[in-house]
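Chains A and B are the protein sequences, given in the same order. Heads up: the first sequence begins at 2 in my numbering, then just goes up one per residue. Heads up: the second sequence begins at 14 in my numbering, then just goes up one per residue.
Note that these hints are calculated values from the structure, not bench results. Note that this is a predicted model, so its numbers are computed, not measured. Some hints could be false.
Subject to a maximum C-alpha distance of 35 Å in a straight line, what follows is the list of computed DSBU-like cross-link-like pairs (lysine-lysine) [what the hints assert, rightly or not]: (1) B:K43 - A:K63; (2) B:K125 - A:K63; (3) A:K22 - B:K79; (4) A:K63 - B:K32; (5) A:K22 - B:K67; (6) B:K35 - A:K63; (7) B:K32 - A:K22; (8) B:K67 - B:K125.
Label pairs and their in silico Cβ distance ranges [what the hints assert, rightly or not]: (9) A:M18 - B:I66: 15 to 23 Å; (10) A:D60 - B:G145: 49 to 57 Å; (11) A:M38 - B:P98: 48 to 56 Å; (12) A:D15 - B:A62: 34 to 42 Å.
Positions of the beta carbon are idealized from the N, C-alpha and C atoms, including for glycine.
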Amino acid sequence: MMKYNPLTNELLTDDAMLLKKLHCPFAQRWEHMSEAMPEYRICNHCATAVHDTALLNEDEVKQLITDDAHACFKVNLNQDNLTITYNNHA
Amino acid sequence: MHNNLRTIETARSFDAINKAAKKGYWPLIKPVVASPDIKTKFAVYQNPASGQIKVLSDYRSVTDTKGFAEVISFTYYYPHNFESPYAAYLIPFDIKVGEHVWLNDLIEDVVKSIWNQGDSFRLASCEAVWDGKDLILQAESVTDETVIG
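Let the sequences and hints guide you as you build the complete structure.
What follows is the structure in structure tokens.
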């Protein structure tokens with residue numbers, strides 16, 4: 002179960018290790034992106050894939066970041082595979 | 014630059030404001046006021062044998078407290094700390110009336126999004142327009158609970 006901190010925009014592992022700090026300088030919205038595959042959409046600004054973390058487990062997110070440190074993700078606060086934290090404790 | 018907009022920085026201390034003024038910026042002073050509309054929650058659970066605690070922020074995490082007892086039930090609080098009760102947008106001398114700019118560190122408390130558990134989050138930065146005396150915020154309406162990045 003991943004964790005997400007909405008105050009810092011940090012996506013964390015279950016052990017509270019940082020996976021990625023989410024930041025989009027272009028303020029793109031998920032619902033405005035082109036639907037490519039169930040697992041990702043294409044950003045209309047950057048033309049890069051934005052992966053839906055609701056459909057990924059922690060290891061899959063890690064692998065995507067290992068493959069591309071600038072990989073983009075979408076997080077919804079209510080998705081089933083994460084909980085919210087404000088203090089990044091494990 | 015942000016989306017081709019000039020970035021306006023914020024100074025949040027006496028020294029930073031006066032230093033910027035010496036450099037030629039006009040510090041547009043604003044009070045730092047905590048909005049009651051910005052709030053997050055926490056609860057504390059404690060192991061009665063070891064004294065170790067867990068701090069929860071999500072009702073869904075309560076299922077992960079086996080062996081722990083609630084010592085503080087879910088309580089809302091204002092989650093930000095700013096170093097000074099005043100701050101300033103640093104206005105460059107050559108700004109034009111009607112110019113759209115990007116505020117990197119918003120001083121005003123504006124709600125960015127509301128989570129369906131009741132927590133509401135602060136907008137960190139946004140676009141604004143200089144009207145010759147003040148910056149008019151162009152904050153989007155409250156967004157959903159989805160984050161991209």
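Tested hints:
1. B:K43 - A:K63: violated (42 Å)
2. B:K125 - A:K63: holds (28 Å)
3. A:K22 - B:K79: OK: K22 (chain A) and K79 (chain B) at ~30 Å, within 35 Å.
4. A:K63 - B:K32: violated (43 Å)
5. A:K22 - B:K67: holds (23 Å)
6. B:K35 - A:K63: Given pair K35 (chain B), K63 (chain A) is violated - Cα atoms ~47 Å apart, limit 35 Å.
7. B:K32 - A:K22: holds (31 Å)
8. B:K67 - B:K125: holds (28 Å)
9. A:M18 - B:I66: 15 to 23 Å: At 20 Å between Cβs, range holds.
10. A:D60 - B:G145: 49 to 57 Å: holds (55 Å)
11. A:M38 - B:P98: 48 to 56 Å: Once the Cβ atoms are compared, 49 Å apart, the range 48 to 56 Å for P98 (chain B) and M38 (chain A) holds.
12. A:D15 - B:A62: 34 to 42 Å: Hint violated: Cβ distance 24 Å, outside 34 to 42 Å.
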